Amino acid sequence: MKNLVTFSVAKGSDITPPELARAGIKMLDHRFYPNDIELVKNLLTDYIVWDESTDTRSIFRFERAPY
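For the sequence shown, this note's numbering gives the first residue as 1, with consecutive numbering after it.
For the record, the hints were derived by calculation from the structure and aren't laboratory data. Don't take every hint at face value.
Heads up, simulated DSS-like pairs for lysine-lysine below, C-alpha to C-alpha not over 25 angstroms straight-line [to be verified]: (1) Lys26 - Lys11; (2) Lys11 - Lys41; (3) Lys26 - Lys41.
As the structure is a computational prediction, the values presented were derived from the model and not from experiment.
Please construct the entire structure, taking both the sequences and the accompanying hints into account.
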């Protein structure tokens, strides 16, 4: 697991760790995986997910879909 690529949830996102877990997203040391935004979008169809990553960190923002 040392080389596992993870993502952080952007501050102010509209999702909780239990909601991520129910979708099949795993948590490790307060970060999450898989780090594939298309897969995450497919797992969380009730959310709008976008990438706010920097050069050094993967960060995803989650907003509950209005539908």
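Hints, one by one, checked against the model:
Distance hint between Lys26 and Lys11 is fulfilled; the C-alpha atoms sit about 18 angstroms from each other, no more than 25 angstroms. Distance check on the hinted pair: Lys11 and Lys41 sit about 18 angstroms apart at the alpha-carbon level, within 25 angstroms; holds. The straight-line distance between the Cα atoms of Lys26 and Lys41 is roughly 15 angstroms, inside the 25 angstroms bound, and the hint therefore holds.
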